[in-house]
Amino acid sequence: MVEISALTYDGTNFTFQEIEGVEGLHALPKDVQTTWINIEGLENKNLLKAVADLYELHPLILDDLKEVSSQPKSVFYDEMIFVVLRMLSTSGVDEEITSEHISIVLGKNIVITFQEGKEGDVFDEIRERLPKVKSKHAKNSAAYICYHLLHAIIDNYSDIIEKTGERIEELEELILENPTKSAIVQLHELRNDLLQVRKAIVPLRDILFKLSNDDDEIISKEVQVYYKDLYNHAVHQVEQIEASRELAMGLQDLYLSSASTRTNEVMKVLTVITAIFIPLTFIAGVYGMNFKYMPELESPYGYPLVLLFMLLIALGMAIFYKIKKWF
Amino acid sequence: MVEISALTYDGTNFTFQEIEGVEGLHALPKDVQTTWINIEGLENKNLLKAVADLYELHPLILDDLKEVSSQPKSVFYDEMIFVVLRMLSTSGVDEEITSEHISIVLGKNIVITFQEGKEGDVFDEIRERLPKVKSKHAKNSAAYICYHLLHAIIDNYSDIIEKTGERIEELEELILENPTKSAIVQLHELRNDLLQVRKAIVPLRDILFKLSNDDDEIISKEVQVYYKDLYNHAVHQVEQIEASRELAMGLQDLYLSSASTRTNEVMKVLTVITAIFIPLTFIAGVYGMNFKYMPELESPYGYPLVLLFMLLIALGMAIFYKIKKWF
Amino acid sequence: MVEISALTYDGTNFTFQEIEGVEGLHALPKDVQTTWINIEGLENKNLLKAVADLYELHPLILDDLKEVSSQPKSVFYDEMIFVVLRMLSTSGVDEEITSEHISIVLGKNIVITFQEGKEGDVFDEIRERLPKVKSKHAKNSAAYICYHLLHAIIDNYSDIIEKTGERIEELEELILENPTKSAIVQLHELRNDLLQVRKAIVPLRDILFKLSNDDDEIISKEVQVYYKDLYNHAVHQVEQIEASRELAMGLQDLYLSSASTRTNEVMKVLTVITAIFIPLTFIAGVYGMNFKYMPELESPYGYPLVLLFMLLIALGMAIFYKIKKWF
Amino acid sequence: MVEISALTYDGTNFTFQEIEGVEGLHALPKDVQTTWINIEGLENKNLLKAVADLYELHPLILDDLKEVSSQPKSVFYDEMIFVVLRMLSTSGVDEEITSEHISIVLGKNIVITFQEGKEGDVFDEIRERLPKVKSKHAKNSAAYICYHLLHAIIDNYSDIIEKTGERIEELEELILENPTKSAIVQLHELRNDLLQVRKAIVPLRDILFKLSNDDDEIISKEVQVYYKDLYNHAVHQVEQIEASRELAMGLQDLYLSSASTRTNEVMKVLTVITAIFIPLTFIAGVYGMNFKYMPELESPYGYPLVLLFMLLIALGMAIFYKIKKWF
Amino acid sequence: MVEISALTYDGTNFTFQEIEGVEGLHALPKDVQTTWINIEGLENKNLLKAVADLYELHPLILDDLKEVSSQPKSVFYDEMIFVVLRMLSTSGVDEEITSEHISIVLGKNIVITFQEGKEGDVFDEIRERLPKVKSKHAKNSAAYICYHLLHAIIDNYSDIIEKTGERIEELEELILENPTKSAIVQLHELRNDLLQVRKAIVPLRDILFKLSNDDDEIISKEVQVYYKDLYNHAVHQVEQIEASRELAMGLQDLYLSSASTRTNEVMKVLTVITAIFIPLTFIAGVYGMNFKYMPELESPYGYPLVLLFMLLIALGMAIFYKIKKWF
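Protein chains in written order, with the working numbering: chain P, 1 to 327; chain G, 1 to 327; chain Z, 1 to 327; chain E, 1 to 327; chain W, 1 to 327.
Each hint should be verified, as a subset may be incorrect.
No distinction is drawn between identical chains; accordingly, a pair holds when it is met within one copy or between any pair of copies.
Pairs of lysine to aspartate or glutamate residues, derived as EDC-like cross-links and limited to a Cα-Cα distance of at most 20 Å, are as follows [said to hold, decoys possible]: (1) LYS221 x GLU56; (2) LYS228 x ASP63; (3) LYS66 x ASP155; (4) LYS163 x GLU67; (5) LYS66 x ASP159; (6) LYS324 x GLU177; (7) LYS199 x GLU169; (8) LYS228 x GLU67; (9) LYS324 x GLU173; (10) LYS181 x GLU265; (11) LYS325 x GLU173; (12) LYS228 x ASP78; (13) LYS325 x GLU177; (14) LYS221 x GLU79.
These are computed hints drawn from the structure, not numbers from a lab.
Given the sequences, and given the hints that come with them, work out the whole structure.
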């Protein structure tokens, strides 16, 4: 199901409307100051073709829209900027990270957004907030609307980064307390998730750098300040991700160190027990031999003396390992 | 066996023909808009020399064509661009990656491709697709034909990258379930394969960067947009390869952590069994001694009391290790 | 509790005053050469709004002030520079590192500082030092006051870096002497702390680079020399942090090497004891068998000969392991 | 022994001559188009001084020639380029890599090469090839002769890189089949060798980059194409070395993983054997005790029942470890 | 104790004199071509202040001179360049590396050096060499004197780098032959030393880069060639240090691999011994049981048959482990 909606600003008011098919787009007023068209669901290739024709999108943009696996990037065409981003969301009890593509076409007074629509409309909230913004830029400029869209995506990343931060802290406690195989698996999943988040944020940062430094006419100087602010956010997020990755590496090292220490401790216990009892067992074995002529066996003090001797050996061994600080 | 074919465009139609030797090349119409000559098989050095003479290729190009092991690169000569690429393909049951060189000479209205020909003609499909392209650039420009050739190579890389992605997932499962020596070997092969793919893609990315930013006349501004798109693809592929390499490193760490955890668990089992039975065996040994005067042996309660004592020791040990969370 | 204070310089004297609310700020003399306003406590959002209106701060500055988690950065607006920094402090017995944000707005003849105020006023000392500075720049330029503020922050980092240096040395000794689980945990905490300090200093270095190279009119050429000096300090601190991180990695390797060596030694002890006594116990077991026809048992020399034989085996084993340098 | 030779080109022919001392150099014709002087053996410091005076070399060049340990570099003086390179060669059965310095002074129509001469004249072959080169650049330009010299050095690196490639493959097989201490040592030597080769090639690449991009008059545009080709070769070699280093790191990981897996397997065997026999030995020990009142001992079914019981325990243990997939 | 000395060049001769206090500096002839003032010992802060006043040093230079822990850096003031360097020296039997600061102020015809003076005057030798230098630059230019000072420091680094190279080779042998805890500690110290040397050389390289590329008038074009030569030296030293660090990392890996191999070998010995004797001991235990009805015990062939059976088991085990290549 493809859903189309449009938000137009005529200089005084924002008008929101649901639109049916390409005809609805044709019927939109042409003389408004800014238009934002949102298309959810990309499975209708013909519709995409019609939209591309209507707004004179470059054939390569159309190719990218049709291709579901297209990667995050920004391309500057003559009259428009084409941006592909990745939207992350966690779902389910185990908070698996899923990824969705969002494509944005930014023209001088038009923004067109294309969502896969798997996770519902992520821009819902913006539609309500936009009319309330007091800044005068907001209402005149497509680039400012686009700024709000990118802001929503960045905020969404922040949530996910925060969640991974919490997972790192939980894992740290788990590894310090009782490192099990489950900890390794969780750590491994964490590292893979961090990699996935990084793969989404790093291109976004680079895109924002290009957008905030381009002297195209599409983004005016006043609005570019806002893009620089977004860029700073993205830089910070990348730093956070890198720090998280280092923390995760630190947990890996912590795990390995702990494991080798525990192995060592288990080994010491084994060695101490073996070292104490094996000689004693040997002695007991000697006096369990059935030789006819074993004078000690006849002596009434033999038994207590042997027990005493065994005790001394055991004590000696224990003191020896105590000195070696083995337990 | 060297096979030569030509595809010419006279402003209205594409004409494809198989060509016999250099004479056939001489006989090609000179007044067409664009010509694409494809040469499969590089073992006939004389033919290469003749082709180089005919199209006035730089002596260094000829050297590179003769040398089978020439590396991926792009060289800008006055009137032509020379590109060497590596084509990867997987073959056999174990999906071993093999590599083949493709050299492309791009002039203002001519493209010449040289293939080793081991894996058959990889450009077959393009010959059918080209006449169907509606864009007007396509038919006028050698650079646009070259774009299609490069696109085919990039797509081919995508397939291989995807396959390695699947191999990583399979390995992850294998390591988590039952890590064996086979997993190590597979992981090692995976890492080597990733290195090989990277060695092919990174130079291609750099070549595409140069091609899409050069202001040579050979690639017109309209066509350069397509090269930028290819460049973006290549950038993305390099990122995917890097991510795969990190995933592979993560699997390595996962393997080592799992191995150390398993060693630890085996050790604990060994230690617990030893710690429980060795003292008991010692006690049994003591009462197996043949001393004449061992009062306990005479007592009717000696045997059950010793058994009870042994049971208590065993229980004590078991509780002790249970508390230490060893099993 | 929000506390506001102002330091004004009228060309001859510095005047310090506590200020009550925004009205007090309105009442400040406008014709002084430089004014420094310090605001401690950011919880009163209305006050922040009023201050922003009074000094015509950019809406994005106000957003950042309201948002507690804003990251270190510097933004150049037309008439002012906005800097956000992180202030570190250690507290408690275990010297945990806590972090606080400080925002600085630097205009041509005004500096406004916003502190969270958790750790008290960190700029106390500067207020006393400023009137004593003899340099003529000091009294004329807001940028020079800002230099002193940044200097105080940098000095504070130096203290923390020095403390981590001491911790590294202590840990090194601990690991070399008696590596325990506590050492791993301490090392892990150290690495996390270093990461946190680095996250604060690296952005500061980049900010200082921008400040000392910008040819804005806000920071005059004479004062920029002082910012370059600060930049050099920050570069050095980053290098120190990086070196500390490498030292910490070295400690990690040291720990792992030591652990594997110790495991090896424990293993050798276990093996030597086992290897010596297990064969002897077996021999004793053989002569403990109850077969009717065991000729050795009858012989009067059986017992001493067996004991001798056992001694020889034990000696042989001991010599063998001595040659293998196992103990 | 210092050996001097000269190759001069008078516009039509190459003339080769052995030269005795500096006088011979003075006697060389001045009006030829290009001269290449080769000096083997650097131990005669006076001769070097005389040569430096004759060709007006910069004092720093003379210093570098006298100093044997001078590092690879290129220095651009007003009228000449001074290049120091490292020549690698493998010798002996264990193919140890040895290194020799070659210094090249390149003027407008003169090339002077200084070799240590330990490994014989490495440029022998070039002297024969040069007169056969058909390109017109060859005969007019000192830079083109220098190109051939550098080409010879690059080719020599290729051989060595290829050999290390073979060593990696052999080691891989060795480690996979039967990893021994010898494998570790070989791997360690390989890594050190790769480091040494890298230390020679990386500076050469940087030197070639400078030579092929400098717009000095010494290397003409036509010849610079050849230097760019060499640069591409060097870039490729550095990539190969880096890939080899990664492969070597992979082998290191392969070794460690294999080692930990093998340790684990040995541990399992030990644990299984211990776990099966220690309980049985204990039971045997119990019935070996000499208590007077042990009713089981009197029963005629005692012995077979105990044996059966032991068998059941052994089977139980074996099944337990079989389920745990320990063998 | 502060010691001051001056070396002046009046166009024909160098004059060296010891100087008492600031008055002596005032008394120095002003009309000489170049003056080099050397100050050893920085504890007299008043003297430093007086010198700074006399030569009009920037207040920040004075701050840096007073602060002992100032870091390596170069600052370009209007009329002078200020350089801080670190001088390394090894002392004692264990060749511990100690570090000392040297500050150099380079003006158009004056060089002022400030040494901590702990290790004596490191520039002694230069004072003797300078008058012998034949180059005409030497006598006219303060920058050329400064070049000689920097050269002395660079040479001093070379010695230390060479020593670490020797330590690496010794450690390599030690680890290959008999890896002990001492080897780990030595390796750890080596790595820390390499880090310290690197911390001194890397800033020096960057300083030399700046000095040799600055188009200040203080360093003339003719002298800059010499600074470029120093820069090349420093680049090479940094490369050597990096290579040494890689070698040290290689030794770390070598140690860990060896340790895991040795652990494995010890484990195999333990397992083989246990696996052979534990079953035998069990059998002996069985026939040591005191059951009344054990038919084997009565048989005259029981004993030899059991011994034979034991022998067969031992042989079987031994062959089994031989096949598994465990010893």
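Could you tell me which of the numbered hints above are not met by this structure, giving the numbers in increasing order?
Failing hints: none at all.
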